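From first to last, the protein sequence lines are chains A and B.
First residue of the first sequence: 21, per my numbering; consecutive thereafter.
First residue of the second sequence: 21, per my numbering; consecutive thereafter.
Simulated from the structure, these hints should not be mistaken for laboratory data.
Please read all numbers here as calculations on a predicted model, not as lab measurements.
In this text, a Cβ means the ideal position worked out from N, Cα and C, and glycines have one as well.
Computed footprint of chain A on chain B; a stretch qualifies when at least three of its residues, placed anywhere within it, have a C-beta under 8 angstroms from a C-beta of chain A:
id, region
1, 165 to 174
2, 239 to 251
3, 264 to 275
4, 288 to 302
There are 2 protein chains.
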Amino acid sequence: MTIKISIDCMGGDHGPAVTVPAAISFANHEPDSELILVGLQDVILAELKKHKAENHPRLSIHHASEVITMDDSLEVALRRKKDSSMRVAITLVKEGRTQACVSAGNTGALMAVSRYVLKTIPGVDRPAICTLIPNQRDAPTFMLDLGANVDCEPQHLHQFAVMGSALVAATEGRSKPTIGLLNVGEEDIKGNDLVKRTAELLRADHAKGILNFYGNVEGNDIFEGTTDIVVCDGFVGNVTLKASEGLGRFFKATLTTEFKSSLWNMLGALIARRALRSVSQRLNPSRYNGASLLGLRGLVFKSHGSADAYGYEWAIKRAFDAANHDLLSRISATIAELMPHPEIPVSGTETAINE
Amino acid sequence: MTIKISIDCMGGDHGPAVTVPAAISFANHEPDSELILVGLQDVILAELKKHKAENHPRLSIHHASEVITMDDSLEVALRRKKDSSMRVAITLVKEGRTQACVSAGNTGALMAVSRYVLKTIPGVDRPAICTLIPNQRDAPTFMLDLGANVDCEPQHLHQFAVMGSALVAATEGRSKPTIGLLNVGEEDIKGNDLVKRTAELLRADHAKGILNFYGNVEGNDIFEGTTDIVVCDGFVGNVTLKASEGLGRFFKATLTTEFKSSLWNMLGALIARRALRSVSQRLNPSRYNGASLLGLRGLVFKSHGSADAYGYEWAIKRAFDAANHDLLSRISATIAELMPHPEIPVSGTETAINE
Chain A
21 MTIKISIDCM GGDHGPAVTV PAAISFANHE PDSELILVGL QDVILAELKK
71 HKAENHPRLS IHHASEVITM DDSLEVALRR KKDSSMRVAI TLVKEGRTQA
121 CVSAGNTGAL MAVSRYVLKT IPGVDRPAIC TLIPNQRDAP TFMLDLGANV
171 DCEPQHLHQF AVMGSALVAA TEGRSKPTIG LLNVGEEDIK GNDLVKRTAE
221 LLRADHAKGI LNFYGNVEGN DIFEGTTDIV VCDGFVGNVT LKASEGLGRF
271 FKATLTTEFK SSLWNMLGAL IARRALRSVS QRLNPSRYNG ASLLGLRGLV
321 FKSHGSADAY GYEWAIKRAF DAANHDLLSR ISATIAELMP HPEIPVSGTE
371 TAINE
Chain B
21 MTIKISIDCM GGDHGPAVTV PAAISFANHE PDSELILVGL QDVILAELKK
71 HKAENHPRLS IHHASEVITM DDSLEVALRR KKDSSMRVAI TLVKEGRTQA
121 CVSAGNTGAL MAVSRYVLKT IPGVDRPAIC TLIPNQRDAP TFMLDLGANV
171 DCEPQHLHQF AVMGSALVAA TEGRSKPTIG LLNVGEEDIK GNDLVKRTAE
221 LLRADHAKGI LNFYGNVEGN DIFEGTTDIV VCDGFVGNVT LKASEGLGRF
271 FKATLTTEFK SSLWNMLGAL IARRALRSVS QRLNPSRYNG ASLLGLRGLV
321 FKSHGSADAY GYEWAIKRAF DAANHDLLSR ISATIAELMP HPEIPVSGTE
371 TAINE
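With the rest of the complex left out, here is chain A:
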């Protein structure tokens, strides 16, 4: 079965110079895919020609006349630029013309436009951003929220746990994945007011056998892979993720500097180059690129804004796999089954965006 994916070609720091080569490479590797390249027709066509792919049988262009920049306010993204590549790419999902969408654009705008166009799944107040993080075990840690919701109430974190659980069950085939609540200590008495109240909700669901709540986890547990899922508010998640990315770059820079500091060290690096390549590969953030916007009535994947073509291709692959696993109906079904109170009222802010 062919899976169709819409690509917001204009989003991200590099735009079509990254998104188009990534799409070409993915389409070449995945014969069951068909990619619709959304954005400024001339620019995309020029990029396709550069790679001699203007006649690729499974790549087509869908013109969109506007581009949402990193500086555009949500107001501009939502109300003014109605023909933006981002919005058109999402609308193709809404209309059933594609099964998923990928964008490297402004995260806030992507979330707002996705909510506006697609709406949320019944039972979900607020969509969340979930990504995979490498850890010391074989399977990655799924962490959410990573920045969509910076002020959360306990019921929101509870919903993140349910959505994360549904995602891991659907894509990883684990029926009751373990859920950790990110905190400053393992003991129940630890933490701020938000996590203490969230833990009560999760413990109640665990007692009923609905969720597999492991308990509190700490920052280090993310990379130890203590639980399948780590739940936190979007402020903590975003800061933690960006700090980890910063430390990763610091580590890489230190390694490079030291190995280039003398001929002797360079010789060592040359001999052990496979080990170094393997380290670089295991910790390469590009391999983990492609965050899911969970809780929407459509599959939307966010690539890192600064991703290169290799990283962007991973984001497309994640969108393809999710659509291939029929992730959306599985998440909706799991949420309908797990979420005890689908009629939690939506707060003023969300209504404003949703309407």
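Since the structure of chain A is provided, determine the placement of chain B on it from the hints.
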């Protein structure tokens, strides 16, 4: 001038097996130091004898009959174990018999007992934990709070900024260090309610020339060294720090595994061993061990509970340097000068601990 430091020998995962050798080594390297080893006399003496240091001229034992464990509640630490090594070590500072104290014990207990015994500096509602973090520049990043305050109001973060500024001015000789407010984006509109309201206070002080507020910083800026100081609430700070520690261990484990994966890689590692040692040294968390409890009427330093003797010695060194720089009076003077409203009321919880 001799600097006297009290050492809570019983605290931490390893107790006297780590604290005593660290104290011996520090005393041997620093002729202007005198260390008072607080804890169970017999155990400390046995450890000193093991290292043939029972007659060291600048090491003495001060017996304390009780030990605060990692599992003890604050209630137990504060009300029951009045002769704990931790409390006695802090009391020596209070009584002017030592100029600083070092403990690797339970952070919550250390903060509570320190507040109870020493009280806070006028103008400070809540003490904070501040540590040094390595970054890509030459000078480390000072980050606070790291876990003392998990529920904060804007005036608390504002006070952390003032205390951090005073600390860096005193110990690093920079009169107006830059302050970054940890957030999910650089723009003023980004962030949760807490940081937006804190930013207003910091911008006002910047406009008056009181503080050098850089603006919002993101997680990656901690390791890029964008600002001298990074301010955040204790929940975010603790999670970020522990996640970074976890990622550091993951890096190290990955590097070790790959370099041991074949004889060829082992040969490369052998040839480049200086580079690898240098990487390990630059990123070694032990070198950055020793967090300050800022805002108290006495100098208290916290070592990581799992620190080895090398790491613990760094914590003693930081306490020694702080006392040597007369950090306490400098911080108090700076805070008296900078803090516009010293009479902010203390909330119920803190009063309970302070009384």
